[in-house]
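The two chains are supplied separately, each in an independent frame; assemble them into the complex guided by the hints.
Residue-level listing of the chains:
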Amino acid sequence: MEFLYFGNTGWGDELFFATLMTIAVAVTAIFIGFFLAAIFATFKLSKSKILNFVGNFYTTVFRGVPELLVIYLLFFGGSGAVMYVAKIFGYDGYIEVNAFLTGAISIGIISGAYSTEVFRGAIQSISEGQFEASKVLGLRKKIYYYKIIIPQMLRLALPNISNVWQITLKDTSLISVTGLVEIMRQSYIAAGSTRDPLFFYSFAAVLYLLLTFLSLKLFNKLEKNYSRGF
Amino acid sequence: MELMIESFPRLLNATLLTVELTLLSLFFGIFVGVFFAILRTSKSKILYYLSYYYSYVFRGTPLLVQIFIIYFGLGQVEWIRESFLWLVLKEPYSCAILAFTLNTGAYSSEIFRSAFETINKGVLEAAKGLGLNKINTFFKIKLPIAIKQSLPAYGNEMVLMLKGTSLASTVTLLDLTGVAKHIISTTFKPIEVFIVAGSIYLLMTFIIHNVIKILEKKYNY
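Keeping their order, the protein sequence lines are chains A and B.
With the numbering used here applied, the first sequence corresponds to residues 1 to 230, in that order.
With the numbering used here applied, the second sequence corresponds to residues 1 to 221, in that order.
Treat the hints as calculated values from the structure; they're not laboratory data.
Lysine-lysine pairs mimicking DSS-like chemistry, simulated, CA-CA at most 30 Å apart:
1) B/128 - B/140
2) B/213 - A/49
3) A/141 - A/49
4) B/43 - A/217
5) B/43 - B/134
6) B/45 - A/221
7) A/217 - B/45
8) B/213 - A/47
9) A/87 - B/189
10) B/43 - B/140
11) A/141 - A/224
12) B/217 - B/142
13) B/134 - B/121
14) B/121 - B/43
15) B/217 - B/121
16) A/49 - A/135
Partial chain B-side listing against chain A, Cβ under 10 Å, derived:
17) 59
18) 163
19) 180
20) 184
21) 189
22) 190
23) 193
24) 199
25) 201
So the derived label-pair ranges between C-beta atoms look like this:
26) B/50 - A/220: 17 to 27 Å
27) B/50 - A/163: 18 to 28 Å
28) B/56 - A/47: 41 to 51 Å
29) A/47 - B/92: 42 to 52 Å
30) A/216 - B/134: 30 to 40 Å
31) B/143 - A/220: 29 to 39 Å
32) B/94 - A/95: 33 to 43 Å
33) A/86 - B/85: 46 to 56 Å
34) A/82 - B/147: 43 to 53 Å
35) A/31 - B/50: 31 to 41 Å
36) B/143 - A/163: 22 to 32 Å
37) B/5 - A/220: 51 to 61 Å
38) B/186 - A/92: 21 to 31 Å
39) A/216 - B/148: 26 to 36 Å
Virtual Cβ for every residue (Gly too), placed ideally from N, Cα, C.
Just chain B, same shape as in the assembly (with noise of 0.2 Å):
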């Protein structure tokens, strides 16, 4: 008990850089999983198919080979070290949340894909008829819809990231998982310290669904 009063304040404070890689990886990730998206949607068989491998691969192989080959994989080749790109590469951070990202955009860009082919043709020809072009189309109609249909499966791949984020802790930041590792390892109370950092990450998941209903309440019409 005293240890998990004890140990609170920092696992609170862990909790912020948990945070901190969960939102900004969702958000990259929306533009990402937007982007393939629509590549999925072109007639360009080249444009599909790098879409449809992207999410191939980053959904059938674990998350932990996708950061480890970013943090320790890709710092080795020569041409990246002298790029611009090494400014990403170097450090933990970065690529922990560049990994994230990828893989978040390859897990929505699927949900996303979906959700735009599930809009009925009539109301496109509907817009078509009523004269819109093609992009008041896309954010009149397509999207709005589209959000709508995506929620569900959105918020479990918010969930999911959150849960994700935690691997942070494999390359070397302090996470919420990182500091209760450390915490447990260094007083052999896997129990107590498992306790206050489940619930906290159980708080936000509580959370994500509560915004998701929220806005599942917002788009429907």
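Just chain A, same shape as in the assembly (with noise of 0.2 Å):
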């Protein structure tokens, strides 16, 4: 237990402040991917061929390649891709992109994809009688969009969300081949010094259940408040 003192001594402190940022680039990620999902769900069910194959190419791309993949690609990539920008503009140095940006859009680019299925799938169950009472009540696009077809949206979405989000709060364990000190990285760098991997990547993996147990309540009371009514 001594290993889980607070202060100089055990990795009490250290392991409280990972699971923080393990929370903090998970929420990150999750809205990155709403808001990618957001665009690509809209793609998907316009009626341009053109969007509808953009829409489609993202979902299967990053859906079908491994998350490892994405972050290295985004790892070695960005870093690049910046310095690149950067040169244009007259600097000629070695810029390094944040980790924790780094892994929160890769995290949130996959995440995102899975998102856009949640969201069409919600969009396209609200019964075309919704859409078409809207309209005959003379609504504004935009008021039927948020007082109308959201509100129902998100109470069909919301289930669905909840495994995206256990998905992407898994996944941010992966950020850790980036060096980022989140949960995995900090157990890693603990295992290390300490000699005892066993404890404390089984702790990592208490950690992360509880993490999945607490935003299960969550969600679920979230369920219940946007099932008011049906």
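Here it is as structure tokens:
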């Protein structure tokens, strides 16, 4: 247990902050994902063939290629791309891209591919009558989206969003390969310096279990809240 | 472009290991999955909770943690190193397969369980009425229906496992992702390598989807 003391002698505080980092990356990533999903879900539902193709291409590629490969692409490619842009503006040095951003963006892109399917499915399952009724009532497009379609969509999408959140949360462990100090990376460091990998990786597993357990509780509450009146 | 052509044979060679890891883990995983799915339907509380917590823990933690516990963690325990288990646990290859098997076993046990649960009561009563014994009912009636029910979800699990094998690269194995990373870190040309390796993965995903489609047709009666 003394491994978990807070302060200089134990790893308790380090692991605590690492857990916060995991949560921060996962939350940032899922919102990046929602943003992308909102765009690509409309692409997939649009009547244009080209936009359909772009939407399908995005979801197929990022749900079919391993997460680790995407992370490597952004980790090694990210700083290259930034340096290229910097060179155009006359800066000729090495720029390291923030590991947090690289991680959140790469997990966000993957999470977005799953969210796109969730959003698309949810919008499609709203009955046609709702769209027609809003039109007949003469509601403006913005209003009927925000007041009619999206609230219903959220209710339908929530159970699946909960799944995407679990996937995203677990995927953040892969960012440890870029050196960002989240749960996995911190456990790796602690395991290396104490030579007790079994303890620290098992403890990491417990932390992840705790996070998935708590978020499941939270989502159940949200689902109850959003199913009022049904 | 040159790099893409140059690296293609190496990546293709590494694909063999990826395919091998995927197929072996899925193969063993089916047995683990069916086993725990049957435990889940058992009336004994102990067996039920054993299966419940197994799937809960393996689905609630990242695969990376599971591999690390098995590969780095278990080797530290004295009595494991002295037992026959060490034969399995000292090699990264068998550790990876063990971790993947347990992981996919947890997910498939849930898929099979829900498939078994959706079997219509009437069908089982009919089997009883026809005088089929327990073993025949299981193999001739329950299993085919359960296979049909679980095919779409199991197809997804196969794709997830294929992607999951990329984590083998974290325990020094040179699978498709491992070799891709190696090439990227020596040439610093991530985009080209990503296109080639990604295409190979997508091709395999495509094959899995089609195999599932064919199987679904076959079991559709």
